[in-house]
Amino acid sequence: MKKQLVICATAVSLFIVQGCKKNEPLIKSDNSSTNSSKKVNGPVSDYAEYKISCVIGGKFIEVTGNPAANEKYTDQRALVQWAATGDDEKDGWQRWYTVYATTVSGVKYYWLRNSFSGKVMESPNNSSGSQLRQARTPFLGYPDGQMWRITEIGTTGQYNIVNKGNGLYVANAAGSTSNGTAIIQETNNGNNRQKWVFTLRTASTYREDNVNRFFERNGTSQGSVAFDQGTSLPLTWSSNNGKVLWITQDAFDGSALQPNSMFNCGQWFHYGNSMFLQNNIYDFSPSGAPNITRGGNKRIIDIQAGDTFAWPGPAVEIGSHVWVQVGEGSGLSLSRQSLWDLTQSTSTAWTGVRTLPANMWNQTDINYAIGMVKRPDNYVYCFGTQGTGFGYTSNIHVARFPTSNPQSWTFWNGSSWTSTPTTGTTARVTDGLGSSYVAYVNGKYVLMTMDQGFNCDANRSIYISTSSNPTGPFTARTKVYTIQENLNGNYARYYTPAIHPEHTNGRNELLLTYCLNYDACGQGSCSGSYLDPYFYRVKGIRVPYSKIGL
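Residue numbers for the sequence shown follow numbering that gives the first Met the number 0, so the first one is 0 and each next one is one higher.
Accuracy of the hints is not assured; some may be wrong.
Straight-line distance between alpha carbons at most 30 Å, and here's what the computed DSSO-like set of lysine-lysine pairs gives [what the hints assert, rightly or not]:
# : residue 1 : residue 2
1 : 373       : 297
2 : 478       : 538
3 : 38        : 107
4 : 163       : 37
5 : 443       : 478
6 : 443       : 89
Here are the computed distance ranges between Cβ atoms for each label pair [what the hints assert, rightly or not]:
#  : residue 1 : residue 2 : range
7  : 472       : 376       : 13 to 21 Å
8  : 235       : 151       : 44 to 52 Å
9  : 73        : 141       : 16 to 24 Å
10 : 456       : 347       : 37 to 45 Å
11 : 47        : 130       : 24 to 32 Å
12 : 544       : 85        : 25 to 33 Å
13 : 257       : 89        : 32 to 40 Å
14 : 151       : 201       : 19 to 27 Å
15 : 423       : 57        : 50 to 58 Å
16 : 188       : 456       : 48 to 56 Å
17 : 37        : 423       : 30 to 38 Å
18 : 37        : 358       : 49 to 57 Å
19 : 529       : 151       : 28 to 36 Å
Hints listed in this document are in silico derivations from the structure and should not be mistaken for laboratory results. Positions of the beta carbon are idealized from the N, C-alpha and C atoms, including for glycine.
Given the sequences, and given the hints that come with them, work out the whole structure.
Written out as structure tokens, the structure reads:
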């Protein structure tokens, strides 16, 4: 899955030798989203995305903080009002989902979830005049401070927002028309500063805070706690039925965490890969996902003699076996590929052996590290990338093997399945950007592809395209998200996209993830004397099916 970095290392060498310019990302076919702008009347939706503006001044509720310092993501960040942002699809701190939570004595209560942070509006106390903030939801229950009654005032299209716990009304402090004015709670006075307009939006991508919290593994005896990839595989065998296997690459062990839940500056990762088990798709408690071991080791995949890495990627379950694609090599250079056969256990102690499928293992032109899909035709389809355009573009290829014989690979050449891989545009099933992943979702093959994330460029978007067949054609790309994390004031590097179809939430939304890296192109990796694990952990977002044609 670090093919992107391998491509980048090669691209740098070519740039130095040839003096060539990098290719621009191929985004000409990308579709931009269309947003509705409808002010609502009547009850708000049980689940919909809005912008919320005050009747006085018309400014919008948003999360405060400096985006360049990632402050708008953080817990307990205060709420203010501000004029409309120039790009609220990207700058989602003014977008809020109403999420129906519970009904008490005939009154419906909602969470108000911010799309940018994934956190919800919260009342901090019972005092009139206190400023509201965003906060995380609990894993269970409906805290009164996060429950809001949203009631239209007559048929005016104006609404009161009232807290369940204290009965206080959301207000624009002092009825100000200025940017940055605090959003507070106060006793009901009928003033227009307590009246709000809900403007309906076309549902857009939002940050999945529960998933992000799942990867905040801060236990010193927890095993792998920070890593730079997270592919997932739902399991069905024996007592593992319903669990999810998460597969990582280079990983830090919790034993190195300091009392502030960070690593000392200069700390190096402890093992080149790891795997752990999530209890089920609804359990996002980070403490309930134990590492599996092989031979007593938390590193599951062996690094071959003379190599420095063995990076596992996608996987598929066949009976009691889990087959995992692995890229092997040194530095950032891929030397070969393997297919590991892991045998599950009812405990966390698994076994495994390395296998070398003919004509797959001994070539590196196509790295089959971007997705495995098992289908009812008794084949597993394995997707790979061939880097082009100095790491900014790629060809997407596909191979397959029968579930009865994982060693028997055949490769799509553009018209038929053959015994050896074929590179180039004729054989590809579609094109991608800097890094990609493919999964099967709701009857379609889904390609997630991201702008090149290693050089900290201004283009930092995630796109989706789909196909009814593993060999294409794929639709034009749809932009679904812009990555905004920064490290020490500059764009943080990002990579290792992944799709997680098994993690459904009942709302027809697709879970995507990516990872950050301890670097930001010219900025130091450390935050003071420490390495912050935030920059080596999986980040999750949810994309509405409707946005991507699913």
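The hints, checked one at a time:
no.: 1; hint: 373 to 297; result: holds (27 Å)
no.: 2; hint: 478 to 538; result: holds (18 Å)
no.: 3; hint: 38 to 107; result: holds (21 Å)
no.: 4; hint: 163 to 37; result: holds (27 Å)
no.: 5; hint: 443 to 478; result: holds (18 Å)
no.: 6; hint: 443 to 89; result: holds (26 Å)
no.: 7; hint: 472 to 376: 13 to 21 Å; result: holds (19 Å)
no.: 8; hint: 235 to 151: 44 to 52 Å; result: holds (47 Å)
no.: 9; hint: 73 to 141: 16 to 24 Å; result: holds (23 Å)
no.: 10; hint: 456 to 347: 37 to 45 Å; result: holds (41 Å)
no.: 11; hint: 47 to 130: 24 to 32 Å; result: holds (26 Å)
no.: 12; hint: 544 to 85: 25 to 33 Å; result: holds (28 Å)
no.: 13; hint: 257 to 89: 32 to 40 Å; result: holds (34 Å)
no.: 14; hint: 151 to 201: 19 to 27 Å; result: holds (22 Å)
no.: 15; hint: 423 to 57: 50 to 58 Å; result: holds (55 Å)
no.: 16; hint: 188 to 456: 48 to 56 Å; result: holds (51 Å)
no.: 17; hint: 37 to 423: 30 to 38 Å; result: violated (48 Å)
no.: 18; hint: 37 to 358: 49 to 57 Å; result: holds (56 Å)
no.: 19; hint: 529 to 151: 28 to 36 Å; result: violated (49 Å)
Violated hints for the displayed structure, listed by number in ascending order: 17 and 19.
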